[in-house]
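*Asks:* Sequence:
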Amino acid sequence: MKKFYLALLWLVISMISQAQVGINTQSPHRLTEFDVKNIVNGTDTIPRGILIPRLRTEQRDQMVIVDVDDDNGILIYNIDEDCYNYYSRLESEWQSVCGKLGKAQFTMDCQSIQVHGQYLSNESLDGSHYIRVQVEVTKPGSYIVTAVTEPDNGYYFMASGEFLTTGFFNLILQGAGTPRNHTIAGGEGDLVKFYLDGIDSECSVRIKIEDSSVKPNYIMNCDDVVVNGVYVVNKLLDNTNTITLTLTVDASANGATYIISTNEVDGISFYGTGTLAGGTQTVVLKGSGDPTSFDRKRLIITSNSATSVATCVAFVDIAYRKMKILGIGRGGDDNFGYNLALPPTSLYPGTYGYGGRKMMNSLYNFGTESYSKIKAEGFDFINGSPVATVASPTSTQLQNYIDTERPDIIVCAYNWTPDDNSIDILIRYLENKGVVLAFIEAPDAVKRLFNRTLNITSVAAATTAARSAGSIFTFNYIVESTILNGPFGDVREKNWGEDASNTVCVTGVPIGFVDVYSNGIYRNPGSNALEGSADEITSCKFRNLNLFWCGDGGFWSRQLGAGNYNTICPLNYNANFEPLTKAYGYASSYTVYNSHFFANIMAWAIDLAQNDGYNTPR
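Mature numbering (1 follows the signal peptide of the UniProt record, and there is no 0) puts the sequence shown at residues -19 to -1, 1 to 599.
Any given hint could turn out to be false.
Taking lysine-lysine and the DSSO-like style, the derived pairs with C-alpha atoms no more than 27 Å apart in a straight line are [said to hold, decoys possible]:
1) Lys522 / Lys475
2) Lys174 / Lys189
3) Lys354 / Lys522
4) Lys339 / Lys303
5) Lys305 / Lys414
6) Lys216 / Lys303
7) Lys267 / Lys354
8) Lys356 / Lys303
9) Lys339 / Lys354
10) Lys303 / Lys354
11) Lys267 / Lys356
12) Lys522 / Lys356
13) Lys354 / Lys414
14) Lys305 / Lys339
15) Lys428 / Lys414
16) Lys120 / Lys216
17) Lys522 / Lys305
18) Lys189 / Lys120
19) Lys414 / Lys522
20) Lys305 / Lys356
21) Lys216 / Lys354
22) Lys522 / Lys428
23) Lys267 / Lys216
24) Lys522 / Lys339
25) Lys216 / Lys356
26) Lys428 / Lys339
27) Lys339 / Lys356
28) Lys174 / Lys120
29) Lys522 / Lys303
30) Lys356 / Lys414
31) Lys305 / Lys354
Hints were generated in silico from the structure; no laboratory data involved.
Full structure from sequences and hints, please.
*Replies:* As structure tokens, then:
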């Protein structure tokens, strides 16, 4: 009997240990241990479900996972994520079963809010109506950011998606709906509050809704468009980079909003908005972005005018890139500044350059300041004549400078005397769009330069003792010349002065090969007599090459601290090294413009080197 009861007990225990549990069913599914049916009477469905523990993320994370194998698969419903979570042994963390990363953890920068678009009562929002915000993500996952009006005014903004990594992100909240009520005069506008996954972010912004019955009736005055500021490649625009223009506003438009903008060109654009006040009104468009190229930008200005669909055009010029200048001329302890690339000397230690170099170093002439005459990033000077000899540089050294340094501009001055090989090297450089300013006064070298460059033999070069220090020459009147009539002044039919020695003249140049800037007629510094010949050339620009020549090697010389000499150092400038005229020649009775011409020709050379030069991308 005892054995019978033991066997019966064992059978019951076995049945219990292997039994399935079913609710509303006598036949649980064969693969389940627990089967809940939502039917009664075999066919009727009961509209009910099951509930498992519901926790917020913070509460879920308070569960202590001790044994990842034993705790693997624990299931909860995450209220914050609106999704089931389970603990994964493989990942050693909670996972979402919703096919997403789970909800992200992120904060919003309230100061980053930017509202875009014009908001009018009873007019639906479209793609131009959006809000840009910046957020910091500390945990990847899904997100929903909403911005709603309080009280409701019929429109809202929203962005949703997934952050796949941590960091800072800019979000675009697209607008939707139709504003019902416009903002009353003097009102702050609608209060728009921001919610991150339904939680108040404590960020807000005001949006003014305009009365759609008041139309922006105005006309842009294209002749008044002015571009302000300095523009440098890869430098972000700031509050000095603006476009100003005037509007002619109809009286009926008072209180309406103008929206004026440009297209984006090479990374920059301009935008301005404000309230119309009637009559003639000056408006400012603020720039944004950073230029990506040195090309001149042609921007189209458009507006929301209800009167006219006409557009205006604005041109933005970018500062010239930094130029490499190979300076050739007297080296050593020269203190007159013939060689533009001369470093400090023992006579004037710590002082880079004299004469023309002083003008080039001045930000008032060439720089990226608002007051810079020519917007340029500056210069890298390469000293091609480190030794104070006529032979420096040799042809081998010259070729090496061109090959290794790739200068944008080569400037030759007193007392370099290039041989045939050096002239041929310069010609090859010129044929590859190099820019050469040859202020060479050695007759044999000048003759070689003209004949070999023009591939002729007819040119002769000479000087006379009478054409000496203090001689006065006059620039010709050439209509289309940015060298004679340039950013630093118009020197056409004005004088220039010979420095210290004797000016070289050339003859025998065929017509059509060069543009003559000054001929051989001059005022004798001793007698004041008018001498020389109009058939001679003392300065010219070659038509088919980027080459300018002048027969005075000291054209831009000025001794540091020089007095009022009237036969040497014809260059002159003010305390900011901006060009000034100088009393020069016979009894100091003539006004010379060497400084203005020098600055003009450097501006011409820089522009040529950037846009059609040796290093211009092709």
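*Asks:* Indicate, hint by hint, whether the structure satisfies it.
*Replies:* Okay, the hints, checked on the actual structure:
no. : hint            : verdict
1   : Lys522 / Lys475 : holds, 18 Å
2   : Lys174 / Lys189 : holds, 14 Å
3   : Lys354 / Lys522 : holds, 24 Å
4   : Lys339 / Lys303 : holds, 17 Å
5   : Lys305 / Lys414 : holds, 14 Å
6   : Lys216 / Lys303 : holds, 14 Å
7   : Lys267 / Lys354 : holds, 23 Å
8   : Lys356 / Lys303 : holds, 11 Å
9   : Lys339 / Lys354 : holds, 15 Å
10  : Lys303 / Lys354 : holds, 16 Å
11  : Lys267 / Lys356 : holds, 20 Å
12  : Lys522 / Lys356 : holds, 24 Å
13  : Lys354 / Lys414 : holds, 26 Å
14  : Lys305 / Lys339 : holds, 16 Å
15  : Lys428 / Lys414 : holds, 22 Å
16  : Lys120 / Lys216 : violated, 33 Å
17  : Lys522 / Lys305 : holds, 21 Å
18  : Lys189 / Lys120 : violated, 35 Å
19  : Lys414 / Lys522 : holds, 14 Å
20  : Lys305 / Lys356 : holds, 16 Å
21  : Lys216 / Lys354 : holds, 19 Å
22  : Lys522 / Lys428 : holds, 15 Å
23  : Lys267 / Lys216 : holds, 15 Å
24  : Lys522 / Lys339 : holds, 25 Å
25  : Lys216 / Lys356 : holds, 14 Å
26  : Lys428 / Lys339 : violated, 31 Å
27  : Lys339 / Lys356 : holds, 17 Å
28  : Lys174 / Lys120 : holds, 23 Å
29  : Lys522 / Lys303 : holds, 24 Å
30  : Lys356 / Lys414 : holds, 22 Å
31  : Lys305 / Lys354 : holds, 20 Å
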